[in-house]
Structure formats: C-alpha cells, structure tokens
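Numbering of the sequence shown is given in this note's numbering, commencing with residue 1 and proceeding in unit increments.
If you're looking for bench data, these hints aren't it; they were derived computationally from the structure. Glycine residues also receive a C-beta, built at the ideal position from the N, C-alpha and C atoms. All clues given are correct.
In silico DSSO-like pairs for lysine-lysine, Cα to Cα no more than 30 angstroms straight-line:
1. K84 x K206
2. K206 x K253
3. K157 x K206
4. K253 x K157
5. K253 x K210
6. K210 x K157
With beta-carbon atoms standing in for the labels, derived distance ranges:
7. H102 x A152: 37 to 45 angstroms
8. D246 x D194: 18 to 26 angstroms
9. S255 x R214: 17 to 25 angstroms
10. P127 x G91: 13 to 21 angstroms
11. H263 x T237: 30 to 38 angstroms
12. R214 x N142: 26 to 34 angstroms
13. P258 x D173: 15 to 23 angstroms
14. Q168 x W95: 12 to 20 angstroms
15. L76 x D205: 13 to 21 angstroms
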Amino acid sequence: PQSRMTLFLTYYILKTPFFFCLFAISWAAPAAYGGSQARGLIGVVAASLRQSHSNTGSEPCLRPTPQLTATPDQNLTMEQVVEKNPLVELGGQYWPPDCWTHHHTAVVVPYYGQARHLQHLLFHLHPFLQRQQLHYGIYVVNQVWQEWGGTAFNRGKLRNVGFWEAMQDEDWDCVFFHDVNLLPEDDRNLYICDIFPAHVAVAIDKFNYKLPYRGYLGGVFALRPIHYLRINGFPSTHWGWGREDDDIAARLKLSGMPLLRPHLLFGRYHMLEEGPDPSQEQSPPR
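Model the full assembly from the supplied sequences, consistent with the hints where possible.
This is the structure:
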C-alpha cells in the first residue's frame with residue numbers, strides 16, 4: 001500500500017492535469033491505498049496546492065479583465081497602434097523586457113483590403129500577447145486589393161506564404177493563423193502550441209459563442225512547424241471564404257493527428273462588423 005501511494009503521488013507530479021480525477025478515485029476507496037495514511041498524504045498534497053496558488057490579501061480578478069478592449073475607437077489609426085506599443089520592434093516582433101520566455105509564437109494574418117479590421121486587430125492583439133509574456137511576431141500577408149474587380153481572396157495561399165516567411169525570419173516553435181476580423185476576449189486563451197494542432201476560435205460572438213457546425217475550423221488555428229509539414233500546409237485551390245476548412249479537416253485526419261480545442265470559456269472571440277462571413281461568399285465546391 002505504501003508503494004502504491006508513492007506511485008500515485010509520483011504520477012500526480014508528472015501528470016498534473018489528471019490529478020483531480022485520480023484524487024477523487026483514491027479518496028473514494030482509501031483502503032486500497034493504505035487507509036488513514038493515504039488520506040494524510042493526500043491532505044499534504046492538497047495543502048501544498050492551496051499554498052502554491054494562494055494570493056492572500058488581493059482582490060479577485062475581474063472577468064473579463066478590464067484590460068481587454070474588444071471594440072476600439074472607430075477612428076483608430078496605425079500611428080495610435082505604434083504609439084501604444086513602444087517595445088514592438090520594426091517588423092512586428094516583441095520580447096518581454098523583464099524575463100526570459102519559453103514560448104516563441106508567430107501570428108500570420110491573411111489580409112485582403114480590410115484596413116480598419118487590421119488596425120483594430122493590431123491595436124488589440126499586441127497588448128494581449130504582451131500580457132502573456134511571449135516572444136512573438138505578427139506577419140500580415142497582403143493580397144493586393146483591386147477595387148475594379150480582381151481575383152477573389154485566397155486565404156490558404158496567404159497562410160502558406162506567411163508561414164514560410166515567418167520561419168525564414170525566426171525559428172518559431174508555434175504559428176497561429178489568425179483571421180483579421182477576430183479579437184480574442186479572454187487572456188486565458190494562451191497563444192502557445194500544444195503537442196497537437198489546435199482550432200482556437202471555438203466561441204465567436206457572431207455564432208452565439210458556440211461552433212456553427214462540428215467540423216468548423218475557421219478563425220484562428222495553431223500549428224507547430226512539424227504539424228504544418230505533416231498536413232502539407234493549407235489548400236491553395238480555394239478562392240473566396242470557406243471550403244478550405246473541410247480540406248484542412250481531411251488533411252488532419254490523414255495525418256493521424258487529433259485536433260485540440262480550448263474550453264468554450266477561453267476560446268472566445270469578438271467578430272468585427274462588416275467583415276467577411278465564413279458562412280457566405282464561399283468558394284465553389286471541387
């Protein structure tokens with residue numbers, strides 16, 4: 001019994017996310033782990049957790065944090081974006097000034113003439129990422145806008161170009177592919193990569209903070225460079241909005257990699273008005 005309890009505590013240390021499930025099981029059947037002795041050891045672990053996460057004397061944080069600005073001024077200019085972010089270097093990169101970060105994230109933004117949306121996104125996203133203490137770079141990939149009527153938007157091609165340009169610039173360990181008209185609402189939505197690809201924009205206000213359909217992969221998508229190579233990048237044959245999501249889902253399935261999604265409370269986004277609707281203006285099916 002003593003060794004089994006030691007094994008349990010060791011497993012907790014190595015596998016923290018699964019601790020609470022195992023804790024409930026072991027508490028329900030203490031005899032299997034040494035009776036009162038097991039309860040005493042579990043109590044020590046629980047007390048240690050309370051101490052490590054305590055914040056005595058401070059007020060609880062507001063939800064959502066008042067630092068977030070979901071709807072910036074309509075008359076926002078790029079000069080205001082630059083003025084608000086003095087530590088961002090020319091080219092869009094930022095390093096935390098007071099610590100050494102473990103995370104290096106590139107954000108690739110496909111862009112097609114939505115100037116107001118881009119200003120709002122940069123105004124909002126720079127402080128959002130800085131609060132997470134990331135080393136990050138934002139790469140805006142522009143498809144030339146032709147007012148007299150030209151080719152439709154090709155988000156897949158722009159994502160591919162953005163990925164390769166970013167990787168030539170820095171050895172990023174994570175790449176977020178980010179629609180220009182989506183603003184993250186919760187600071188707990190961390191812009192870092194996990195061991196598998198992740199669809200991050202799972203709760204958009206336009207869709208009542210839920211997925212519009214099960215296979216929806218639009219908005220914000222996170223990949224490690226190795227994930228990008230395993231799915232052979234993004235499809236470049238889709239013109240207009242939509243359709244490529246189904247193609248990406250098929251590529252993920254063929255790669256054998258599962259898809260991760262954050263909790264609906266974390267992966268919340270505000271969609272700027274007058275932006276392209278992912279459910280409309282779709283490219284024709286192949």
